[in-house]
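Given the structure of chain A, go ahead and fit chain B onto it with the hints provided.
Chains as they are written, first to last, in the numbering used here: chain A, 1 to 110; chain B, 111 to 396.
Keep in mind that the hints were calculated from the coordinates and are not lab data. A few of these clues could be false.
As the list claims (entries may be wrong) - A short list of chain A residues far from chain B (calculated; beta carbon distances all over 10 angstroms):
id	residue
1	Ile-37
2	Ala-89
3	Ala-101
4	Leu-108
Said to hold, decoys possible - Residues on chain A that point at chain B, a partial pick, calculated with CB under 7 angstroms:
id	residue
5	Gly-27
6	Tyr-28
7	Gln-46
8	Thr-48
9	Asn-55
10	Trp-95
Owing to the predicted nature of the structure, the values given are computational and were not obtained by experimental measurement. Even glycine gets a Cβ: it sits at the ideal position worked out from N, Cα and C.
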Amino acid sequence: MRVERELLRGSGPLAVLQLLARREMYGYELVEALGTIADGVLSMGQSTLYPLLYNLEAKGLISSRVEEAESGRTRRYYSLTKAGRSELAAQRKQWRSLAEAMRTLGILET
Amino acid sequence: MTPLPARAHALVDATIARAGLPATHRAVVRAELEAHFLDGLDAGASLDDLLCSYGDPLLAGSLIARATRRSRAGLGAWLMTASAVVALAYAGGVLRLQSAPSSPAGTALDREAEAVIASVQRAEDLLLAGAEGVAQSYAIAADLRARHTLWAETESVVLLERTLRAADLLLGERARAALADSLAALAERETLAPRRAVIQPALGALTERLFGRDGRVDRAGLRLLRRTKGVTHPSVTASLLEPFYFAPSLSPAEIRRAVEAAVDRRLARADSAARVLAGRVRHHGA
Chain A
1 MRVERELLRG SGPLAVLQLL ARREMYGYEL VEALGTIADG VLSMGQSTLY
51 PLLYNLEAKG LISSRVEEAE SGRTRRYYSL TKAGRSELAA QRKQWRSLAE
101 AMRTLGILET
Chain B
111 MTPLPARAHA LVDATIARAG LPATHRAVVR AELEAHFLDG LDAGASLDDL
161 LCSYGDPLLA GSLIARATRR SRAGLGAWLM TASAVVALAY AGGVLRLQSA
211 PSSPAGTALD REAEAVIASV QRAEDLLLAG AEGVAQSYAI AADLRARHTL
261 WAETESVVLL ERTLRAADLL LGERARAALA DSLAALAERE TLAPRRAVIQ
311 PALGALTERL FGRDGRVDRA GLRLLRRTKG VTHPSVTASL LEPFYFAPSL
361 SPAEIRRAVE AAVDRRLARA DSAARVLAGR VRHHGA
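If we strip away everything but chain A, and leave its shape as in the complex, we get:
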């Protein structure tokens, strides 16, 4: 299902933070994971993901490290920082409030 851009705004970074809260991941892994959630509603390509990752890193919410993969290529792994965990917790709280409001309105089913 295609979701309007305005609705998606802000959810991409939150989704990446949530995925990285579970474990560190590299770029392709993140794209694949986002593509499998809810019929690909949160799918994004490289042109969106990597600027998003660099932005989150510039804000200090994630950090990265480089590791050599089995193929001999280097891979950059991203993980959540302490500030990222705090930001994720804050945003989850906001989303829960929003979801509750939508449920009350009957927009979201209980």
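Structure of chain B alone, referenced to chain A:
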């Protein structure tokens, strides 16, 4: 390793070109974008799917440029904050040093040092004037010898030796003999070697007077330290660095050691001059 297909290369090139990154950033981002394609191909995705899902390379380049600018701005802000902290700490050190009240004894020692340095400078200027300056220079040195103070004790011996060397060049035999008689008489009255009995107590007083009431080097103390090292006109670098370096950084023990080392160097020069003077007196008496 799987080579990157040309079409993928082209997309990455377009993105990197649009991003306009510095060389180091460019290499890092390029490596990551290329690795994404290669990871996808390794995972069994088709090149067409990967190319299709890439998105607009020009938009990607613009967004990457914005994101990395934000990262570099963060570093710049950090550097500015760090610089501001250093500048504030330095200003605080200078302010503390300049505003701390100096002890009267410290100021008196400083005035004494200044007076001795001025006398020595005057004597050296007289020596440069020629033969007529030799006797006046000698008189200044003899006067310093009679003061029995820390700086006068070492500087007078060195000045005497310098005056006698000038006399060798500038004066005739009779004048030189008269000067040698005066030197012998002075040696009887005042000795010609730096007197440790004068220097040691004065050194103790000096090291105490370096520190203000808060137990740290104050303005007069810093000036005393410079004079002890023989610095009368500190360089701009010294003036800029010493308040920052000495005021907060060195412990009192380290500052005392610096003073003792400076006095030891002065004593060594004076002892060397004293040996020469003693030889002259012996030769004259022989």
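key: Violated hints - listed by number, lowest first   = 10
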